[in-house]
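Undergrad: Protein chains in written order, with my numbering: chain A, 1 to 291; chain B, 1001 to 1458; chain C, 2001 to 2270.
Hints may contain errors.
[Unchecked claim] Pulled from the structure, derived: some chain C residues nowhere near chain A, Cβ distances all over 12 Å:
hint : residue
1    : Arg2007
2    : Phe2046
3    : Leu2050
4    : Thr2058
5    : Phe2073
6    : Thr2107
7    : Thr2214
8    : Gln2215
9    : Val2260
[What the hints assert, rightly or not] Capping the alpha-carbon separation at 25 Å, the derived lysine-lysine pairs in PhoX-like fashion look like this:
hint : chain 1 : residue 1 : chain 2 : residue 2
10   : A       : Lys224    : C       : Lys2261
11   : C       : Lys2096   : A       : Lys9
12   : A       : Lys57     : B       : Lys1445
Calculated from the structure, these hints are not laboratory results.
Note that the Cβ used here is the ideal one computed from N, Cα and C, for glycine as well.
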Amino acid sequence: MTTKGDKSKLLILPALIVVGIVTQIPFILTIIYSFISWNVKRPDLGISFAGFSNYKKILSDGQFYQVILNSLLIVVVGLTICTVLGILFGLMLNREFKGVNLLRTLFVIPYFVMEAVVGIIWKTLMLNPSLGLNYYISNALGLEPIDFFGKYALLTIMLLIIWQWTPFFFLIIMSGLQNMPSEILESARIDGATGWKLLLHIQLPLIRDHINVAMTLGLINILKVFGLIYVTTSGGPGSSSSNLPYYSYKALFYDWNVGTAAAIAVVTVALTLIVVQRFYGFMNKNNSKNI
Amino acid sequence: MKKPFKYAISLISIIALAGTLLVGCSGGNNKNANEEAVLNIATVNNNDMVIMEEMTSEFTAKTGIKVNYTVLSENEIRSKITQDVGLGGGQYDLFTIGAQDSAVYLNNGWTEPLDGLLNGMSEEDKKNYDLEDVFPVVRDSLSSESKGLGALPFYAETTLLFYNKEIFEAKNLTMPANPTWEQVYELAVAAQDKDKGIAGIALRGLPGSGQNMFIFSSIANAFGAQYYDMDWKATFNTPEMKNAIEFYKKILADAGQAGPTSTGYTEALNLMSTGKAAMWYDASVSAGTLANSKDSLVTGKIGYAMAPLQVKQDATNTIGGWGIAINASSKKKEAAFQFLTWATSKEYINLVGEKKGWESTPSGTRVSTYDNENYKKASDFADITKEAILKVDFFNPSMNKTPYTGNSIPNMAEYSSWGEQIAQLLASYLVGQKNIEAVLEEGQKILTDVAVAGEYAK
Amino acid sequence: MSRRLNRNLLTTMAYVIVILWLFPMLYMFLSSFKFESQVAVPSLTFTPTLDNYRAVVTPEFFKYLSNSVQITFGTVIVSAVLGVLAAYALVYSGIKKANSIYFWFITTIFLPAVAVITPIYILLAKAHLLDTKLALILLNTGAGIPLMIWMCTTYFKEIPGEIIEAATIDGCSKAGTFFKIMLPLVKNGIISSALLVFVVTWNEFFFAVTATATQSATLPVYMSKFMTQQGFFWGKMSAAGTMVVIVPILIGFFTYKSFVKGLTAGSVKG
């Protein structure tokens, strides 16, 4: 079937070229840019080689560490809660009752809604402390409205991420539960496994691969969250709800500092790779099977 | 046997490429169409600019020059224009420019100096245009020291204190004509009504170099604080700045709107126009919206006062607004200048007054507008606005001399960067994430770094 | 007895939770039919109006819509064609380092967009390609192709070897085998992958907001503009939001099962 001089190999070239042009070449340039000093708004200062000064600058900035911490928190908290809720909702809706199919279908909606809409709807209609539902509910309860996007900005961002991504986790985990061979469950029941035992020892191990997929894709996407932050808090107050993507966006489009923006991007990639690697290490430890 | 694959590859690559090119080109740049008579202009999406777009047919009828509009939000336009001129996109012949950017862009060589062009006009044109009629302070706000005028003003604004007369009467309060911030604070505390969700005062708290900073810096100026001294040494850790920041938090916490840091211009406008705020300190153009918008619930109930004073006893109001500038790399400067002088002329103001109603004319730029009976009749805030604009001290925004000009928004290339950072600092102070010492220290560092990196400090 | 009670309780809970979870979207939908002056007040009884929809459906909105449609279709077509070919080559062409190349494609999915935006932005500006649909299609394709390859490789691998051998013995050329035997078998998989690319591109925000201004800005950018809107706009915002999310939601309704399969098939066995 597979011959050596096969011309059909060339079919891979267009894809390689396009993906290379969009991802690899720019990334190499990003690395180069991270060593120059270039403020677009000060053409009189010119463009010059800056050595490691961009890196020194960002690494000596307390804000940067807060942003890294935020990013990690968002990922860890988001992934954990999404997974737990995804499993719970999966179990809840993996039963037969009237309308269950409709509920399953409806529940996936948030995953398909664009970040920009999620952000503005929550920010205005739902959580605005003067005119939104937040005000009316707090008022009815005799409480001060909660300043979600001010005092609890990072938590609120996490809340929105969880709101949007839990349905995705649910989708994947649900399909795992549905594909579970019923004989296994039956025989486990006959063996006397019920409730938690059944869940922990039989069901969860059987859908481990699905959880794995959900978490991997969840990780990729939660690391990248940008639009939500852009339309709700703009990373503030301070940098309390900034994550790495938003922070480097700002370095470019507010500061117009090409070198710094590139340096932040390089560090972001490095950290992303570390997180992804750690994540795989963690998953593999809990996963004896090879992919 | 292998041939079909070669074909398949080439065919598919061609289709893919052609497809993307076609889709990409259709409706992309229409640069080639009639190079001579088409101007491209990027404008901010304020109401006045929307009217300008409507009125442009008159200009085209008169001169045969067509104008293409690109309408952007305020945040976008800053970044798009920086991109266009700074990175050499060169898409626009003209663009609207905020007062604080005008001098910077001109000094960078991004916009065309206008003094020469204005002097080159025929005597008759000069007389019709009447540059002297434009408020001097407005001209100053669009000029650089070394290169003169960089833009002509389309509309200009200052800051006023608005108050809801109905609420004030119900609570038996009176507004002094020239209040101090202390007085405003007391009025705000007295006027608020938590049960009804009415804030004593609405003040921008949404972090942003053009959001909370526009208002906060004006407060800071009133308290005698400034960002740099004459040696470009940062002065963010001074007692004056500390007072200003602490007052800003105090008034918002004790009598301000709920969720202070999510309230920007729009949100504050909505609070004021729905009667959910007793006072509001913000841009003077809002007077027109409060008085005339069909969505406003407070028509006829708004009173006006001068920008509050404190340590500084005079002129704490700021100048802002939008001018129009010519891109230095434009190839159609003559036509662009023709449009520029049309859109900022008396003739244009009259045209809008007659066609759209006098309350819709672009305001704040020309003395003659404020002498116009029609305009005065349509706007009960005309006199106080004029008085306020005449008062603005553009070169000495604070108590002591500053190395920068520009009132609450200093004219510095790096302002969009440090303004944003200070804005965020203030917000984290407002919500209690940082204490005052940390804010002063971090702010001082931000400003010092800018002075060093920008090679200002000697 | 208690089991049954339990079951009913669980069912009720399921309904309550799902409805609460969807409430923001429901509330947006309802608000889109309220007059601007009534939007803020949470009441369920109101006289519905189409005013907001009328106010939102303007030539401007259509421009964003048409940009979104063109960019999304362009991206889906290019990604699907190039992705399917690459997946085929990876599985059947005996490329030496097929596995490494495959993983290289997958790792690009992990690359955050900010890693490349600075040079891309500068290059696009220099090439006068900022704010063009071509630029956005190119950028989105860079993300779409790896996704297609990921999902489609598994579909190709699932084709039983005997079928292909049989076709080759019958004298079918490689191209013939590809078009006549394989494509029909993986067709559904390709369609569901393409639809996923469709949804991702339709909702894409980062490149849309950084690399466009007005000429080629997409619906997510349009929605984000409500952030800085002046005056009263919640009703209009809700109307626009409702219209903008309906396409991906409908696609989601009809295809979620198949693309869950596509996403999980590769790494899930049994």
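Undergrad: Hint compliance check: list the failing hint numbers for this structure, sorted ascending.
TA: Hints 1, 6, 9 contradicted; others consistent.
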